[in-house]
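**Q** Protein chains in written order, with the working numbering: chain R, 1 to 191; chain D, 1001 to 1204; chain X, 2001 to 2201.
Just so you know, these hints were derived from the structure itself, not from any lab.
Please read all numbers here as calculations on a predicted model, not as lab measurements.
Among the hints, a few may not be true.
Partner residues aside, some chain X positions facing chain R, computed with beta carbon under 10 Å [as the list claims (entries may be wrong)]: (1) 2023; (2) 2038; (3) 2056; (4) 2086; (5) 2089; (6) 2116; (7) 2165; (8) 2168.
Cβ atoms here follow ideal geometry from the backbone N, Cα and C, with glycine treated the same way.
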Amino acid sequence: MDLLMLFITAVFVQNYVLYYFLGICPFLGVSKKIDSAVSMGLAVTFVMTITAVVSWIINHWILIPYRLDYLQIVAFILVIASLVQLVEMFIRKISPPLYQALGIYLPLITTNCAIMGLALLAALKNFSFIQTVIYGVGSGLGFTLAIVLMAGIREQLDLADVPKPLKGAGIALIVAGIMALAFTGFSGMIT
Amino acid sequence: MPTKSLSAEYLKGLWDENPVFRQLLGMCPVLAVTNAVINGIAMGLAASFVLIFSSLVVSSIKKLIPNQVRIATYIVVIATFVTMADRFMAAFFPPISKALGPYVPLIVVNCIILGRQEAFSSRNSVGRSLIDALGMSTGFILALLILSSIRELLGAGTFLGYQVLGPWFKPWIIMILPAGAFLTLGILLGIALVIEQKTKGRTV
Amino acid sequence: MSLNLRMIVVLTAVGLIAGGLLSVVNILTAERIELNRLREIEEAITQVVPGTVTSEIRHEEENLIVYSGKDAAGKELGYAVYASGTGFQDIIKIMFGTDPSVEKLYSLTVLEQKETPGLGAKITDRNAFLEYWENKDVRQPLTLRKPAVASPQDLSATEVNTITGATISSQKVLDTVNLSLERLRRALQEGILEKEDQDAD
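Could you build the full structure based on these sequences and the hints that come with them?
**A** Have a look at this one:
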């Protein structure tokens, strides 16, 4: 699949949150304000891109040549956990202001299904190295798009008269449903 | 704090601390694989297998693990059982394995499982951890069952593949789509809260 | 034992035990998984090239695998082409069977798809889509008949039926088939497919 189409598909047509249901926890938890949503989204995109690179290397240089495919799940999750630790330490040293903005979200990212999902899906779809990187960036940006849109809506929703039982997670999921429906309109864009 | 009776330890997973409806954990698979009842059940059983055995192992070795590496250890334990479940399904139930796709490996990042190790198995006896895991698993399967029944019934008119609603029923395709999953879960959460309030109100 | 040493020992032990357990699981399941995969392909080949008893791979390129189906006597009955192409929502994987001279398409089957349920997903349904693909003339590219007709008799030998409400999914399948036929013919012309026979001599 050509790279631009791949990118557009990852952001819109097969959006990680609204199509693959990945990253729901942060999607519901961190989408109350637009700035925190943007920070979370960028942190996720950053980790996703690095994960894409590292997981591809591990898969194609170690696991597949030595017929260790069955260790894929263990290998990927350990890689992600360590990566997040390293990224956190790195950002804290290099740029304290960046750490202030993104840092607290990073530990949450380890159990974010979106990152593991990326490693698994990229491996499943058998992408080349360049395709995997583009896919990582695109999926992260798609996640960011969904979470920022959700935050924008929720900021407005705070002022609305939501029935009590639906306040919080309930109405957020219903809004997500309507967003998912809207995003279905993007299907058919891929040629 | 008084220790719960064993039956209370089990039952809390079904409602009071239901991992999906009350703790809002593990929602990724609940939304993803509930387009058909058989898929929901398969996912529930796979995740339960991982939860129960991980809890057993973690609770057995909890004294041996230094605090700093506990999360990494839990992750390796969980990932091992997830791989077992994934391989087993691919070998013996290929069509279901295909239908569930990447969501079986994704059990490894299911917050319910890691959460239970951190919150319970690492601090309780093997016996109690087993009961806790069984309760949480039952609660999880229940949530999957409810959601997938609604989605399959309204979205295709079938249950477990058998036509239940006659030809007069025009399926609500939206139920099979991602949008339907979100909407159904949102409404169910609202209903859960209403039930919670009504029952609390009665006992107060 | 110092803390650091203990940490390393525990992690290594856990890692080794996990690795050991998983290699056992792998040994127990790997063969079965591969067998499942092969069986699925075999069943599809037998379906699209009727009478197939054995099959072998003749050619492989990106998104395309060509198998030849042989009867019990070893006579070549036709080619089974496994192809994947983009659909409306995601990739669609199909297999279709042709006669050895690639002039007739026996039938089509859809192996994997993620199209819209109730609409595009109907491409796996025999009555709604697949029966219109039986015994087609493929000396020229096939075309899509819109609006949909009621029975296969209403179509010419070079037309296939669209699914009402799922024109794009239908078209995508058609495009993949036409493209694969082209690639098959090119491989035949360049003698790539004949190589296996010569090696067997």
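**Q** Are the hints correct? Go through all of them and say.
**A** Now for the hints, and whether the structure bears them out:
1. 2023: With Cβ-Cβ at 7 Å, under 10 Å, it holds.
2. 2038: 17 Å, violated
3. 2056: This hint is violated: residue 2056 of chain X lies away from chain R, its Cβ roughly 23 Å from the closest one there, beyond 10 Å.
4. 2086: 5 Å, holds
5. 2089: This hint holds: residue 2089 of chain X lies near chain R, its Cβ roughly 5 Å from the closest one there, short of 10 Å.
6. 2116: Hint on residue 2116 of chain X: holds, closest Cβ of chain R at ~7 Å, below 10 Å.
7. 2165: 13 Å, violated
8. 2168: 5 Å, holds
When each numbered hint is compared with the structure, violations occur for hints 2, 3, 7.
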